[in-house]
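Asker: Residue numbers (this note's numbering), protein chains in the order written: chain F, 681 to 791; chain U, 134 to 307.
Derived by calculation from the structure, the hints in this document are not laboratory data. Mixed in with the good hints, there may be bad ones.
[Stated by the list, open to error] If you only want the chain F side, here are some residues facing chain U, beta carbon under 7 Å, derived:
id: 1; residue: A726
id: 2; residue: K741
id: 3; residue: G746
For each residue, glycine too, the CB sits at the ideal point set by N, CA and C.
The lines below spell out each chain.
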Amino acid sequence: MMLKMLKRILFAALFSVSMLSVDGRAAEDLISRRVSGKVVATDTEATPNTIVVKAKTAKNKDLIVGADVTDKTVIMKRGGAASLKDIRPGESVELAYTRDGKVVATSIAAK
Amino acid sequence: MKNRFLVLTSALFLIGLGLNGCTKGVVKTDVTGMKTTEAVPAPPAEAPAPAKPPAVEAPPSAPAPALEITDVFFDFDRYAIRDDAAKALENDAKIFKGNSMKITVEGHADERGTDEYNIALGAKRAAAVKKYLTDMGVEASRITTISYGSERPFCKEHNETCWQENRRAHFMEK
Numbered sequence: 681m682m683l684k685m686l687k688r689i690l691f692a693a694l695f696s697v698s699m700l701s702v703d704g705r706a707a708e709d710l711i712s713r714r715v716s717g718k719v720v721a722t723d724t725e726a727t728p729n730t731i732v733v734k735a736k737t738a739k740n741k742d743l744i745v746g747a748d749v750t751d752k753t754v755i756m757k758r759g760g761a762a763s764l765k766d767i768r769p770g771e772s773v774e775l776a777y778t779r780d781g782k783v784v785a786t787s788i789a790a791k
Numbered sequence: 134m135k136n137r138f139l140v141l142t143s144a145l146f147l148i149g150l151g152l153n154g155c156t157k158g159v160v161k162t163d164v165t166g167m168k169t170t171e172a173v174p175a176p177p178a179e180a181p182a183p184a185k186p187p188a189v190e191a192p193p194s195a196p197a198p199a200l201e202i203t204d205v206f207f208d209f210d211r212y213a214i215r216d217d218a219a220k221a222l223e224n225d226a227k228i229f230k231g232n233s234m235k236i237t238v239e240g241h242a243d244e245r246g247t248d249e250y251n252i253a254l255g256a257k258r259a260a261a262v263k264k265y266l267t268d269m270g271v272e273a274s275r276i277t278t279i280s281y282g283s284e285r286p287f288c289k290e291h292n293e294t295c296w297q298e299n300r301r302a303h304f305m306e307k
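Use the sequences and the hints to build the structure in full.
Answerer: Following this line, the structure appears as structure tokens:
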């Protein structure tokens, strides 16, 4: 009798956990990525500012990354601090970004 | 007996918790609720009427406001029908049901990502719109879909305003 009760409780608990995990999957995980490529464009007039970089995937396909540039984005050029206005189209950069519903640049390093 | 009751109660409670959690993240695509008649507010109770103003006749042929087919827009990297898109599609469905035109739904994506990914995303957006319209009663045989990915942007600047413009499903009459 006791064992039967425990089985039922365990079943109910597992069912609930599985339902909650379905819900949990709906929330997108924060993805952090880093790409190297050439700057296609920057927009310092837009709010938020943006940068677009053309990189290559592992399969050598073109990958366009467009990211918001915020106050927290660390921008470096030739080893020194810089601003987005210092980054020009055609320059090679390494862009680190996060993706969580929107793409936000965490760092931009121009060579 | 008492134990059994407690077990059943706790099990039902846990199941309830689970179902509640499950519904939070569900993408709203079922439109059956939207097809129901809109709630019409009850006419206000008549107050004692003051002296009636002279009757003014409406212009004889005031045209009804024209319905316009509206594109629908999507969130970044998503093909779920947003609330604003659902409203637009309700309007679009009314128009499509009022005639027999054949429609192509074009799925578009912003420039970000790879070409292949954007083609697939555009296809999913177009398919989501087709499904929504068919759920609203538009015949599936009248709707075809095509994806242009990021090949045919509506706006060519590189910022969020423009990217949002390009994440759309656009209608073309065949």
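Asker: Decide, hint by hint, whether the structure agrees.
Answerer: Consistency of the hints with the structure:
1. A726: 3 Å, holds
2. K741: 5 Å, holds
3. G746: OK, holds: F/G746 within 7 Å of chain U, min 5 Å.
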